[in-house]
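**Student:** Read off the chains here:
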Amino acid sequence: MDVLAYLLKGFSVALQPINLMWVTLGGILGTIVGMLPGLGPATGVAVLLPMTFTMGPEAALITMCGVYYGAMFGGSRSSILINTPGDGAALAATFDGYPMAQQGRAESALAMSAIASFIGGILSTIVMVFVAQPVAKFALKFGPAEYFMLMVFALSATASMTKGNLTKGFISMLIGLMISTVGIDAQSGISRFTFGILELQTGIDFLVVIIAVYALGEVFKSFKMIKEGKKKMQTKFGKIWITKEEWKRSKWPILRSAPLGFFIGALPGAGGTMASLMAYNNEKQLSKHPEEFGKGAIEGLAAPESANNAASVGALIPMLTLGVPGSGTTAVMMGALLMLGLQPGPMLFQQHPKLAWGLIASMFVGNMILAIVNIPLAGLLVRVLAIPPKILYPIVLGLAFVGTYAISNSVIDFYLLVIFGVMGYFMSKAKIPTAPLILAIIVGNSMEQSFRQAITISDGDYSIFFGSKVSIVLLILTIVSVVYPFVKERIKGKKNIVSAN
Amino acid sequence: MSLKKKILSGLLAVSLIGTTILTGCSTKDANSGNTAKASENDNYPKKAMEFIAPGGAGGGWDLTIRTVSKVLQDTKLSPVPTPVTNRPGGGGSVNLAYMQEKKGSDNIISVYSSPLLLTNLNGTTELSYKDTTPLARLIADYAVFVVRSDSKYKTINDVIDALKKDPKSVKIGGASSVGSMDHIQFLMIAKAAGITNLKDIDYISFQEGVNSQLLGGHIDVLSTGLSEVTGLIESGDMRALAQTADHRVGTGVLAEIPTCKEQGIDGTFVNWRGLFGPPEMPEYAVKFWAETIDKMVQTPEWKKACERNGWDNAYQKADEFTVFLEEVNKGYEEILSEIGMLKK
Amino acid sequence: MNLSALGGILATVLGLIYTTQALMLPKASIGNPIAPKIFPIGIGILLILFGLILSFSEIKNTGLKKKDIEKDKNENIKLITYTSLACILYGLIFNRLGYVISTIIFLEIILLLFNGKEKIKTNTIVSICFSVIIYFLFSRFLGVTLPAMPFL
Chain A
74 MDVLAYLLKG
84 FSVALQPINL
94 MWVTLGGILG
104 TIVGMLPGLG
114 PATGVAVLLP
124 MTFTMGPEAA
134 LITMCGVYYG
144 AMFGGSRSSI
154 LINTPGDGAA
164 LAATFDGYPM
174 AQQGRAESAL
184 AMSAIASFIG
194 GILSTIVMVF
204 VAQPVAKFAL
214 KFGPAEYFML
224 MVFALSATAS
234 MTKGNLTKGF
244 ISMLIGLMIS
254 TVGIDAQSGI
264 SRFTFGILEL
274 QTGIDFLVVI
284 IAVYALGEVF
294 KSFKMIKEGK
304 KKMQTKFGKI
314 WITKEEWKRS
324 KWPILRSAPL
334 GFFIGALPGA
344 GGTMASLMAY
354 NNEKQLSKHP
364 EEFGKGAIEG
374 LAAPESANNA
384 ASVGALIPML
394 TLGVPGSGTT
404 AVMMGALLML
414 GLQPGPMLFQ
424 QHPKLAWGLI
434 ASMFVGNMIL
444 AIVNIPLAGL
454 LVRVLAIPPK
464 ILYPIVLGLA
474 FVGTYAISNS
484 VIDFYLLVIF
494 GVMGYFMSKA
504 KIPTAPLILA
514 IIVGNSMEQS
524 FRQAITISDG
534 DYSIFFGSKV
544 SIVLLILTIV
554 SVVYPFVKER
564 IKGKKNIVSA
574 N
Chain B
56 MSLKKKILSG
66 LLAVSLIGTT
76 ILTGCSTKDA
86 NSGNTAKASE
96 NDNYPKKAME
106 FIAPGGAGGG
116 WDLTIRTVSK
126 VLQDTKLSPV
136 PTPVTNRPGG
146 GGSVNLAYMQ
156 EKKGSDNIIS
166 VYSSPLLLTN
176 LNGTTELSYK
186 DTTPLARLIA
196 DYAVFVVRSD
206 SKYKTINDVI
216 DALKKDPKSV
226 KIGGASSVGS
236 MDHIQFLMIA
246 KAAGITNLKD
256 IDYISFQEGV
266 NSQLLGGHID
276 VLSTGLSEVT
286 GLIESGDMRA
296 LAQTADHRVG
306 TGVLAEIPTC
316 KEQGIDGTFV
326 NWRGLFGPPE
336 MPEYAVKFWA
346 ETIDKMVQTP
356 EWKKACERNG
366 WDNAYQKADE
376 FTVFLEEVNK
386 GYEEILSEIG
396 MLKK
Chain C
9 MNLSALGGIL
19 ATVLGLIYTT
29 QALMLPKASI
39 GNPIAPKIFP
49 IGIGILLILF
59 GLILSFSEIK
69 NTGLKKKDIE
79 KDKNENIKLI
89 TYTSLACILY
99 GLIFNRLGYV
109 ISTIIFLEII
119 LLLFNGKEKI
129 KTNTIVSICF
139 SVIIYFLFSR
149 FLGVTLPAMP
159 FL
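Protein chains in written order, with the numbering used here: chain A, 74 to 574; chain B, 56 to 399; chain C, 9 to 160.
Just chain A, same shape as in the assembly (with noise of 0.2 Å):
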């Protein structure tokens, strides 16, 4: 088949061993750079961007594709460690790794990362070989109707991720969506709720609300029990692997979340964020022990960092089929390819095919560089455990403002951090889920301008809602998603009583 025969000319060029040492040097850089919060894949790309001048074109793009792969691997590698996720597609790391962490399972856990997300990156680099093609033309059909539906459907989530209380869980979503109103409307260019604060007109950036509430909430929370010593620290160390169990618990939800995550990825506007959130909602309502989620379930864990890596391939399809980036990396990685001389778009593959076929092999060799690295890479940095949490943590708070600044250069994102980690640290000890805010804030503007986007192209017409295949399928899962959650208690509570008998 003629796709082979290109890949594997592809992988004469990647495997070559200048290449190979690009591509490793670059997933370490992205990894370390991944792993620092507020500084995500696109720091790694702009950092590297003026050494790729010198470097040759293929060079060059492997290495960026291995700082962008490293990036995806290190987010979570704070988020087990320290509760702080390095971007936002790391959020999701948080919710289980960082509980196993302090259960002492923090060996599990960066391994699990490390295999889940290698495993998910591979099979959609796999499946992007032989689909790009058609899941761009599939993808072409999200107007903005389709786009409205998916966001309520992510947002639907919230349902299923407030344990309980109901009520606290859509009061958590309504800040969320709140918060991302602040800006310019962008159907109206009128600015709405900036204060005359210039720095937001660009809005209330997620990633300060996610550091604000993980980082500094973190330290809040904590404070009683550094003080009085009570927080322990791990001292003993064992290997950097998972076991059998945990491999078995995970290896489905690894496997389902890939194309989840490979298919939002795809999207333009969505991206490895939604994707790890709306896996980690999959698994825990399809999960035989839904409870566990949150408090160290390795699969809580598995799932995200799957779907997060097969969605940051999944980002690149856009890229390089249309010229359309996928989300803010690839913007930068589509500027750096054009400071190369290189127009991604459908003439790439034809005018460069050498180039773009080697792109794409060295992302299954980056994938398996990195994976490999990680395992010893993440036995050093679980050391980090090691240092008392009385000088831990204020460096973890020294490390949230110097990345909240990377993002924006902007000083009053300091007080947007102390705001909203005060607010974080009330909402856990009033025992409102966090959760349901954060993904609100990444879908609101979205999902109100998408609406807004649609209306005006129907001309005031609802039906433009329910007119395509898509937006129907969406619309049944989302109420599928709503709803199940309910009729499975209402199930469980019939067979308990059942068995009571």
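Just to be clear, a hint being listed does not mean it is correct.
Lysine-lysine pairs mimicking BS3-like chemistry, simulated, CA-CA at most 27 Å apart [to be verified]: (1) C:K35 / B:K223; (2) A:K294 / C:K86; (3) B:K185 / B:K158; (4) A:K324 / A:K294; (5) B:K185 / B:K219; (6) B:K372 / B:K101; (7) B:K219 / B:K207; (8) A:K214 / B:K207; (9) B:K398 / B:K131; (10) C:K35 / B:K246; (11) A:K542 / B:K223; (12) C:K127 / A:K502; (13) A:K463 / C:K86; (14) A:K463 / A:K427; (15) A:K561 / A:K368; (16) B:K219 / A:K210; (17) B:K350 / B:K131; (18) C:K127 / A:K294; (19) B:K207 / A:K542; (20) A:K463 / C:K125; (21) C:K68 / B:K398; (22) B:K350 / A:K427; (23) C:K35 / A:K504; (24) C:K35 / A:K294; (25) C:K68 / A:K502.
Sample of chain B residues lacking proximity to chain C, with all beta carbon distances greater than 10 Å (derived) [claimed, not checked]: (26) D186; (27) D221; (28) V233; (29) G234; (30) H302; (31) K342; (32) M351; (33) V378; (34) M396.
It should be emphasised that the hints constitute simulated quantities derived from the structure, not laboratory data.
Note that CB positions come from ideal geometry on N, CA and C, so glycine has one too.
Chain A is fixed; fit chains B and C onto it per the hints.
**Tutor:** Just chains B and C now, kept in the frame of chain A:
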């Protein structure tokens, strides 16, 4: 415990020594720069310049000023380092405010384009281009209006006629928000073509993936920059109806795109980018950079970079540039006022 | 204090403030003039609603008081307040004093709160090392702009 302490103290000592040495180096330059203000002409510039992109990494401004910085270094036209920093926010107005704090300083240069004027006109900021020292116009990108290759609109006039008959019949999409570039550029051409009810035209802003929206058939016409859709025009997925320069630009497929003027619409839109210094930038600094930039735009390195990025050379010296800014500002003012978004 | 009830009350207040602000938003000149307000007003009203539901259901079920240990709360609140003030101070001095100095000051205060006055030597060493290492890592190596030191 004492070993740990020893290591920590050692680390501390190294850090302190390292800091002193490295900051000491720049301190030396800065000091000589200050005392040398008296005999400016031969001693400027002495300390590093601060090149600022008023947007995030990877964006158009960022790309432009990094290219300028690189060419200046590669051609050795700049005797000092020209590191680039990002100061995003408020569509460029955060950096504009920062430049006011640096009034009179001689070592800051920023890149700006149309939003510099728009943020003042739409009320985002009280500051305008008059609160800067325009140094030179460097490049221009132009707007292009594209449709999907199977669209019923074959020329820009087809679109204009359809809009005249029923302003709601054609859905225009773009990436910037209402009242910003992609919207304004289309309206300027529409106005020049004789449309009077600009307010009734439906412009839909897409934060992400606006190209996909056109390709998926969800919008009819896309208003965007020429360099943003080059690949898709080349591949034939999109058909370009018109571009807004007053001459043909680019090579290959791009050069085949007719201008609005050629099609009978007497209007142009230039997405210009230029370099600006802070307000009251000292004479000697302005002079130095005017000469340096003049030399830079003639270098093969610069020309190659422009070609690579699809930038049209639109070099204008400071005086012409200021006149240009005034004209363009007036044009934007009219359009914004017509759609009710002028805040003055 | 029944925190859930307090949460409900705060949510209601927040909803009220937000809805009022939303009602005051200017009219849009392009497209539907009230379109920018609809979504915010909707969210605001829902928030008020749910806030009220939460407050009432909590007060009905468990009353305003709850059996929380008061003493702990106060100390924790004190620490959190001091930390927050330190963060705000950090923001205020950040651009004036440059990254390294303001971070050293910030970390000293935080470490004081966490580690105590006795460990001031360790605190200082950690503050200085962290600030310097991060400065170089981020601004020189990673190209992230951090305010440089002011004294020249």
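**Student:** Are the hints correct? Go through all of them and say.
**Tutor:** Against the structure, the hints:
1. C:K35 / B:K223: 21 Å, holds
2. A:K294 / C:K86: 13 Å, holds
3. B:K185 / B:K158: OK: K185 of chain B and K158 of chain B at ~13 Å, within 27 Å.
4. A:K324 / A:K294: 34 Å, violated
5. B:K185 / B:K219: 37 Å, violated
6. B:K372 / B:K101: Given that 27 Å is the threshold and the Cα spacing comes to 24 Å, the pair holds.
7. B:K219 / B:K207: It holds: about 16 Å lies between the C-alpha atoms, which stays within 27 Å.
8. A:K214 / B:K207: Roughly 20 Å between the alpha carbons, so the hint for K214 of chain A and K207 of chain B holds.
9. B:K398 / B:K131: 44 Å, violated
10. C:K35 / B:K246: Roughly 24 Å between the alpha carbons, so the hint for K35 of chain C and K246 of chain B holds.
11. A:K542 / B:K223: Roughly 26 Å separates the two Cα atoms, so the pair holds.
12. C:K127 / A:K502: 30 Å, violated
13. A:K463 / C:K86: 17 Å, holds
14. A:K463 / A:K427: Violated, at roughly 53 Å.
15. A:K561 / A:K368: Roughly 21 Å between the alpha carbons, so the hint for K561 of chain A and K368 of chain A holds.
16. B:K219 / A:K210: 33 Å, violated
17. B:K350 / B:K131: 11 Å, holds
18. C:K127 / A:K294: 23 Å, holds
19. B:K207 / A:K542: 25 Å, holds
20. A:K463 / C:K125: Holds - the C-alpha atoms of K125 of chain C and K463 of chain A are around 13 Å apart, at most 27 Å.
21. C:K68 / B:K398: 51 Å, violated
22. B:K350 / A:K427: Violated, at roughly 38 Å.
23. C:K35 / A:K504: Given that 27 Å is the threshold and the Cα spacing comes to 38 Å, the pair is violated.
24. C:K35 / A:K294: Violated - the C-alpha atoms of K294 of chain A and K35 of chain C are around 43 Å apart, more than 27 Å.
25. C:K68 / A:K502: 20 Å, holds
26. D186: D186 of chain B is indeed farther than 10 Å from all Cβ atoms of chain C, at 20 Å.
27. D221: With a cut-off of 10 Å, D221 of chain B remains clear of chain C, as the shortest Cβ separation is near 16 Å.
28. V233: Violated, since 5 Å does not exceed 10 Å.
29. G234: 7 Å, violated
30. H302: For H302 of chain B, whose nearest Cβ neighbour in chain C is about 32 Å away, the distance exceeds 10 Å, so it holds.
31. K342: 25 Å, holds
32. M351: Consistent with the label, M351 of chain B stays out of reach of chain C, its closest Cβ about 23 Å off (over 10 Å).
33. V378: 30 Å, holds
34. M396: 6 Å, violated
Taken one by one, the earlier hints fail for this structure at numbers 4, 5, 9, 12, 14, 16, 21, 22, 23, 24, 28, 29 and 34, listed in ascending order.
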